[in-house]
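Chemist: These protein sequences, in sequence, are chains G, U, W and L. Per full-length UniProt numbering, the very first residue in the first sequence carries number 1; after that it's consecutive. Per full-length UniProt numbering, the very first residue in the second sequence carries number 1; after that it's consecutive. Per full-length UniProt numbering, the very first residue in the third sequence carries number 1; after that it's consecutive. Per full-length UniProt numbering, the very first residue in the fourth sequence carries number 1; after that it's consecutive.
One thing to keep in mind: the hints can contain errors.
Pulled from the structure, derived: some chain U residues nowhere near chain G, Cβ distances all over 12 Å [what the hints assert, rightly or not]:
#  : residue
1  : E59
2  : G66
3  : K98
4  : E120
5  : S223
6  : I271
7  : V277
8  : H279
9  : Q383
10 : G386
11 : P405
If you want a taste of the chain U side facing chain W, the calculated C-beta under 8 Å gives, among others [what the hints assert, rightly or not]:
#  : residue
12 : S40
13 : V75
14 : S113
15 : L115
16 : K184
17 : E395
What the hints contain is simulated information worked out from the structure, not anything from laboratory work. Backbone N, C-alpha and C fix where the C-beta goes; we use that ideal spot for every residue, glycine too.
The lines below spell out each chain.
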Amino acid sequence: MPKALQRLFLGLLLLLPLAAQAADADYFIAAKANEQARLLQDWAAQPDPARLELLSSLQQGRIAPDDTRNLRLNNRLRGLVDNALASHQLLSADAEVRLAAAQQLQKSAQPAQVAFLDRRFASEADAAVHAALGLALANLQLVDSDPAVRLAAVRLLGETGDPMARTRLQALLEPGVESNAGVRTAAETSLAQVKRKLLFGELLGQAFSGLSLGSILLLAALGLAITFGLLGVINMAHGEMLMLGAYATYVVQILVQRYAPGAIEFYPLIALPVAFAVSAGVGMLLERTVIRHLYGRPLETLLATWGISLILIQAIRLLFGAQNVEVANPAWLSGGLQVLPNLVLPYSRLVIIAFALFVVLLTWLLLNRTRLGLNVRAVTQNRNMAACCGVPTGRVDMLAFGLGSGIAGLGGVALSQIGNVGPDLGQSYIIDSFLVVVLGGVGQLAGSLWAAFGLGIANKLLEPQIGAVLGKILILALIILFIQKRPQGLFALKGRVID
Amino acid sequence: MKRRSLIKAFTLSASIAAMGLSWSIQAAETIKVGILHSLSGTMAISETSLKDMALMTIEQINAKGGVNGKLLEPVVVDPASNWPLFAEKGRQLLTQDKVAVVFGCWTSVSRKSVLPVFEELNGLLFYPVQYEGEEMSPNVFYTGAAPNQQAIPAVEYLMSEDGGAAKRYFLLGTDYVYPRTTNKILRAFLHSKGVADKDIEEVYTPFGHSDYQTIVANIKKFSAGGKTAVISTVNGDSNVPFYKELANQGLKATDVPVVAFSVGEEELRGIDTKPLVGHLAAWNYFESVDNPVNSQFVADWKAYAKAKNLPGADKAVTNDPMEATYVGIHMWAQAAEKAKSTDVDKVREALAGQTFKAPSGYTLTMDKTNHHLHKPVMIGEIQDDGQFNVVWETEQPLRAQPWSPFIPGNDKRPDYAVKGN
Amino acid sequence: MNQPLLVTASQKAGPRWTLAIGAVVLLVLLALPLLSLLPAGHSLQVSAYTLTLVGKILCYAIVALALDLVWGYAGLLSLGHGLFFAIGGYAMGMYLMREASGDGLPAFMTFLSWSELPWYWVGTQHFAWALCLVVLAPGLLALVFGFFAFRSRIKGVYFSIMTQALTFAGMLLFFRNETGFGGNNGFTHFRSILGFEITAQSTRAVLFLLTVALLVASLYLGWRLARSKFGRVLTALRDAENRLMFCGYDPRGFKLFVWVLSAVLCGLAGALYVPQVGIINPSEMSPTNSIEAAVWVALGGRGTLIGPLLGAGLVNGMKSWFTVAFPEYWLFCLGALFILVTLYLPRGVVGLLKKRGEQ
Amino acid sequence: MRAIPLPPVHPEFMLEPILDAGSGRDAIGLGQRRGEGLDVRHGTVLTLEDINVSFDGFKALNSLNLYIGVGELRCIIGPNGAGKTTLMDVITGKTRPTSGKAWFGDTLDLTRMSEVQIAQAGIGRKFQKPTVFEALSVFENLELAQKADKSVLASLVARLSGEQRDRIDEILQTIRLSGSAQRQAGLLSHGQKQFLEIGMLLMQDPQLLLLDEPVAGMTDAETEFTAELFKSLAGKHSLMVVEHDMGFVGSIADHVTVLHQGGVLAEGSLEQVQADDRVIEVYLGR
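Let the hints inform the model, and build the full structure from the sequences given.
Modeler: The following block contains the structure:
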């Protein structure tokens, strides 16, 4: 269909607002991909409130809200739908909708939309939307024929910390692009400004990823700090306790889906006690059947628990299959918080950091403020004496081991939200967990805390410089050297060595 | 060392079928075929389904009377994802069990491990997985894609208006030979299309890498410089954390599409697909392809999975390497019929130019000289049900170029199989 | 496998039949390669498959013995011996790759556009230098790691964890393609060794004989060490390091010596393993492999010389059988083995046999 | 390398310099230091001055001063937690003092020496819990303790000379274990292990012996025998014995030091010490 005809057709449609929507939809569906794209671009340049419903449906992959047929769009068309929809939403009465639309347009607006944006910019009353529209416009005005408009646009872009602004300004500064000297200097200043802001965002981002990695290490290592630090048991099956926790989450998810679909958003919260109970139960069972016989023979526990870990892995493989299982993030754990234009903090990671700290606090309270904690500490320090004082050492051992395993189960719930859930899940965490515990000082919660965050941040600082692998190796070498200086770890109690 | 053959209803007794010389003990003689896929260890996730697919195909062929009037007897061994063990088990299949042909291997390293054994003993291996090329052994038939049958068309699509007209390319891969070679070829190809080095970023992560925060931040930074596409050769388990991070940091498929070469239906089975929707994959076959051959193929497989009570049978899916296994076994059977023998040299000769109507909806041809299949290329968009929506495909099957013209020195390579390359 | 039987026999002046069995085992091992040279189809012919399988297990037996020297005698449980084994293998592999590629670069390098060999490949085309590397590379690594570890008195489980982390780091490093060792693929497709075709039966036979010789030599070495004052100091070190220190012995030197010796033995075993199985790649360094080696030793009986050999043979034999018969249950079996041995067989199979003998 | 028997030294000679043949040898030099070579011209074999040890704020030793003369037999007593074992740890180099001086003889600064160097210089220690090499035979235990070149290389090629064998036999007789020479040390009774450990100390032929509760778990007869043994050793060696058993202390000691809260509370003969009010207060409470 020739373009002129199409325009005419569109014009006619505009004259018939009532019929427009249905006709648009039919026309859109009938069109080929290329025509659909052109159509969307035209709609974006000349928005019509009547088309709003169609565009929102298109964004959902439907033709109309009540039409359940799936519409197959490709990425390019989806992008254009987003843009056209934003254009239409600028006509909304709701200032928040307009703001979101303006922000979308900052990314996606096309030169053909300048005239429309200009009109909206002039008539916009809300200050925030006005500013956002100004930026969206500025992006397009960099190529305006009027130097004064360009200068204003360049200055405005300098105020943002948007990575796209940097690219646009850089393009402007390419030799032969900008002829006006005043605009060039302004662009240079703006560019420096933008770069500074971006650097700040990047550094914050690195720090955050370090904290996030640290919190994951912490959750993985915390249970180990208890079983290894307090009981002296080298639990190589610790990783499998994490894995059990993650699988418990999976099972809970399925059960909730089947029996209480309404609560599906909160299944991770339901999974927490279940995962704790499953891991702790398995842990206590192992303690009573195997580990109990091996106290005081750490190397033997190491081998026996390795055997246990093999059995657990294979058992899970037979039960659930070798394939990874699907653990979905609920909506409140998807997406992220936009802090700066180049810094998004994913909700799942924020929640995990908070959760890790919460678990540490809980553990600390449990060990220092409860009868069980007192018993555990007593048994750790002098088993015979504790037994004489009437502390049931066997039971305490069992409970302490269960506690360590249960905490690993909690860690498993967290891990299921950011990575794979498969039979080998635990294997990838076991070495790191041991390093955290050794580095932090055995038996020291605070030590584990610092060691985990320290390792996480060090890892993330090194990764951009020398790559993930060399970074990891370098950190390992540093740990070995560090242990030269402080063989007992960061936070060891000094004291008479008992031999 | 007693092998364990999975003797199904159709095999009656153990018998030794040596090439040319065989004697029957009790009943009809069979032709032994070896299946060399890891059933334990890290690769079991992917390879177990290929073993089952091979068994199903063999069962179907036997139901139609076998090959040259003899039934096929599968000999299954487990190399346990242990590369030296592949060579050992390969040797066992060829010398102890005296199989006529072997279907197996997934990773390149496992293929490289058995290759000397097959060349030494003049065995025959069918390799069903897409790989980096740079190999053409007379003892191997490659039924998966070479780079020009997967990677290059995918990039051509990304460059097109429909694919988003990407200007910048972020090549992300797991650090092993397939991604490195593929990316090397892609870089040369991108150069030939006028993409400058500053618009190409190449990053590798170790196996099992699970923390993609830094890399996604880098992709974001890179994509601010212009319309960007990510070409992912990230392997296996690392995909989930990668896509999750991508989605959580707000990179959508409409902004930065990711096209993956190692993500198929089987991989999507264990994944929350929400964050992946809209991202792309390039293969030579998708389960969602709509044609009668494929419908039959998928239905057969689901029925087989249910009948054998395979784990996860209720969610059984087919994928590209499974189709390649299926095609490979049928091609071998046809060639053996044509040669009226299972002798390796005769079958090899008969395989050249062999055709087969494949589930992908095309009639595939085994090339006359280069031991690779002519294959169609399809680009699929991931949907939330774990299937792919085919958004683009080639008009006809492409001939494989195992020696990529984009790698210097390959122009001197012969276009036929020679030992020891 | 006959030397340790001689040892136990001489120690206990026990039954003569153990002596006889030992001699028979050695004879069989020596006969295997000769039988493999018989023409194909001969009823006594030993296939290349059997020969490489046994050869592989013998290499593992040497690793087990080496591990036992540090664990059984000196009480240092290393979970990183796979690293030394693999490094020895890589050193030999470098030579084999050079031999296969002639004057050019090894295939995997041209493939990834390396224009010249990295410095650490210099001289690897000479067999003699490769042999030196086989000894030096694992030896020096063990020396440096051991020096730091023993200096800060890392022992017990800390030592185990550190060695495990070490081999894990090694694995990550060798997986990188930039490291220049072929990444995940490692080295394969060897052609010849010292000009002899690597797939020739005679080459296989010679390699097998060399493995038997190394095993016997390591046994002899272990036997001499165990009977020297050095061996007694090691045992003392294992049981009461403080006492030993207050007796005026510096434990560091003793530990370092046996640690490096053990690493070198592993390296040699690795060097013999690679040409026989035809591939070396970083998965040999995976922590799992090293832990499995510990169970060979534990099952056989640590602190004895024959135990590790028995253990390596038993576990690998079982593995070969199980992975064919019940692939799904092999891990259960291996796991149960770990648990049962530590709970009920602290002295391993040898301990069990001895007890039987004493009754 | 047999010990050269020295004439018994009596307390009245304590302050007189003892000249010996080995004094020209550099005491801080490498190799095997011989007890005879120790420079003890001032008559004290051990000098501890103003020693402080603190563990995370807890003062285990607090400005402790202690002098032990050549050939002296000194008993250290004190309630639990008084710092007795920490004191031994400081002397043997296991614990570094936070501050203070520790000299062995006149020239060897213990705070700068490693445990091994200290042991080689001639200080032997017996642990509170008898510690012997359980997997080795009694004979081998003594053999390892014997004065000899204790380097790695030497032990690889070491062979026992007839003379060394005689010496081991001699000690075996002294500690009454001749009959059990080939028994595994782990199979000995508690008391026998105590004796074996003392025997190992004797094989080392140290200048100064530190003995932590040597008669714990011994029968009366064994205790009596030990007392005699120690008395016969005094003079030839210096001994520092930590003990709770007052009877035993009374039977051997001519000089007793009472430790309390990381410092020296009283010093003198047993009678003097027992008469001291502060000691009574510490032991019996108010």
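Chemist: All hints, please: hold or fail.
Modeler: Status of each hint after checking the structure:
no. : hint : verdict
1   : E59  : holds, 22 Å
2   : G66  : holds, 31 Å
3   : K98  : holds, 31 Å
4   : E120 : holds, 32 Å
5   : S223 : violated, 8 Å
6   : I271 : violated, 6 Å
7   : V277 : violated, 9 Å
8   : H279 : violated, 9 Å
9   : Q383 : violated, 8 Å
10  : G386 : violated, 9 Å
11  : P405 : holds, 30 Å
12  : S40  : holds, 5 Å
13  : V75  : violated, 10 Å
14  : S113 : holds, 5 Å
15  : L115 : holds, 7 Å
16  : K184 : holds, 7 Å
17  : E395 : violated, 32 Å
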